[in-house]
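> Below are the chains, spelled out letter by letter.
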Amino acid sequence: MLKKVLAGIGAGALLFGLSACGGGDDDAEGGADGSLVIGFAQVGAESAWRTANSASVQAAAEAAGHELKFVDAQQDQEKQISAVRDFINQQVDVIVLAPVVETGWTEVLQEAEDAGIPVVLADRGVEAADEDLYVTRLGSDFAEEGRKAGTWAAETFADDADGTRILELQGTTGSAPANDRKAGFFEVLDAEGLDYEIVDSQSGNFTAEEGKAVMETFITTHGLDGIDLLYAHNDEMGLGAIQAIEESGKVPGTDIQIIIVDGSKAGFQAGVDGKLNYIVECNPVFGDQLMDVVEQVANGDSLEKFTAVEESAFDASQFEAELPNRQF
Amino acid sequence: MNAYTKRLMWPVIILVALVAVNIAATGIDFIVPSVHDGRLGGAFVNILRRSAPLLLISLGMTLVIATKGIDLSVGAVYAIGAAIACQMIIDAPDQTSAGLVAAAVALALAVTAVIGAWNGVMVARFGIQPIVATLILMIAGRGIAQLVTGGQIPKVQDASPFTGIGRGSLWTIPIPIWIAVLTLVALALLTRRTALGMLLESVGGNPEASRLAGIRAKGITVLVYLVCGLCAGLAGLIGAANLGSADANNGGLWIELDAILAVVIGGTALLGGRFFLLGTTIGVVIIGTLEDTIINVGLSSQWQFTAKAIVVFAVALLQSPEFRAWVLKPFKRRPAAPAPAPAEEVLAK
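Residue numbers (this note's numbering), protein chains in the order written: chain A, 870 to 1197; chain B, 1438 to 1786.
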């Protein structure tokens, strides 16, 4: 019995040893033909958005002929830090990091700088004190997303004589996307001089569950008569709210106009079904753009500290054509 | 007033106060049910309907806490139950088949019951502390749910009978309320009309003494965790059916903390022993009403956690005899002769 256990442990150790070799003995110097070795420490696979993001980066790296060392950190900062250390040991050309949290990166980013390896942040940022330790951040401009939503609302309701009455479903309280999408939206409404009233604005925590629950309460408290617009900071909350509106006997998209941010397949499908009116894209498919940035960084080009991901917005006339292009 | 009603008095007063605040803010419509599409609606009925998953989980939690245990994994088990049912339904060719939905529900409940029993075995058989034993699944469980769904959010068609579990109604009463109330009645009968409740309190009060008295403490502990897992799975089904989708990351997130809160508000001590299913029920309705109150009185989202904390704080203080005595002290005159009032209080205790 004991022998079997020992044999098992031995076999396990052998396997680990093999896989460690498999990860380590790749040619990490980069080819002479300009192909790069890129280390990518991804957050995890916590959402469809993230899965699409990973797939896009992997596909773009392959298409550009670069070697991508991909680590899924499963939302654990410790795993990301050790992944970055591994990349440094392997002497990759560029490290791409999508930090799980904003703090605690100083030490490992300093190690990368000491080793002469440039770091590019993808999607999320790190605290301002560490700004000198990375080259650039490629991510969504959440305030711009809010402004796009605001621009459409200002145009659509410009002729609304009795004032535009708005309900807002905010994202997680205090999160950057929630703060910036709100600020950008109302910045434009104020600038355009739209006559509006915020009937209510509450957090739905970016989930369908809470989006639906909060919308039900909005409906019982304020009613839907006279409400012109619902602005939801993401797809999930918007889709939950649409169910609540339908269950109350109103027609979403007609009785009340709806704007959502994100643009998942499910969101576009609801758009095609006529249940919402405007979709502001938050684009996870920035692999190609990331490769451009990485190549510039490897060439030593100077870049702005922030590079915005290319994103668009879609109205009802474009939903059907765009639906097949959705990656998540 | 006996000990039982006395325990319930403070939570009921808080609930009535919350309802009064809402009526003051939004009018009497808050409490009056309306019928829409053959289903009872209105603000308060909506609160009850949305509270059903939390109630189911809190009832299971009450029994676990009565055995001096705790179950932190219920939120993750909620996600697993939801994931299994939704994934099985969307994998099938015909989502509207009633047989398929029944099979999916049965499979989800069976798996969550096994997970609950596993927690119980860890606690009772291997002597692992409940907080540690269930913490493992609290962390790993959402990973399991993600494996089931392949990292995506499965969306069930609106036409599938599955959504009826969350959105449907029977005799105008929403189905989630039926499920929650029937579970409450069943558990209450089981623990108050049979010896099971007494055995539970005995195990929670002193497991060793119970064992020496001939009670099969280990078997009871496993059973209680199994019921808790089953309740969490059922809650997950209601949540998933309401939305028509299962979100492995966010479904039932932090619901374990709300459940523990509801149990404590309801007057069950975390030390084990005496438990109050009806108190827990009132605690759940308080939490549900509180979330609506914040919106109705026009507070911003930032207030949500603070307001919850203040109410829990108030209930905890009001339930403490020491605190009440301390507050009332300046108003109490030293009685000239032994008054009948204190004697009554002693009897009540």
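By construction, these hints were calculated from the structure, which means they are not laboratory data.
These numbers come from a predicted model, not from an experiment.
It is possible that part of the hints are untrue.
To be verified - Restricting the straight-line Cα-Cα distance to at most 16 Å, the calculated cross-link-like pairs of lysine to aspartate or glutamate (EDC-like) are:
1) A:1119 to B:1645
2) B:1505 to B:1645
3) A:1144 to A:1115
4) A:1144 to A:1097
5) A:938 to A:955
6) A:1144 to B:1595
> Please go over all the hints and tell whether each is borne out by the structure.
So, going through the hints one by one against the coordinates:
1. A:1119 to B:1645: violated (60 Å)
2. B:1505 to B:1645: holds (13 Å)
3. A:1144 to A:1115: holds (9 Å)
4. A:1144 to A:1097: Holds, at roughly 14 Å.
5. A:938 to A:955: Between residue 938 (chain A) and residue 955 (chain A) the Cα gap is close to 10 Å, so the pair holds against 16 Å.
6. A:1144 to B:1595: With Cα atoms ~14 Å apart, residue 1144 (chain A) and residue 1595 (chain B) stay inside 16 Å; holds.
Of the numbered hints given earlier, the model fails hint 1 alone.
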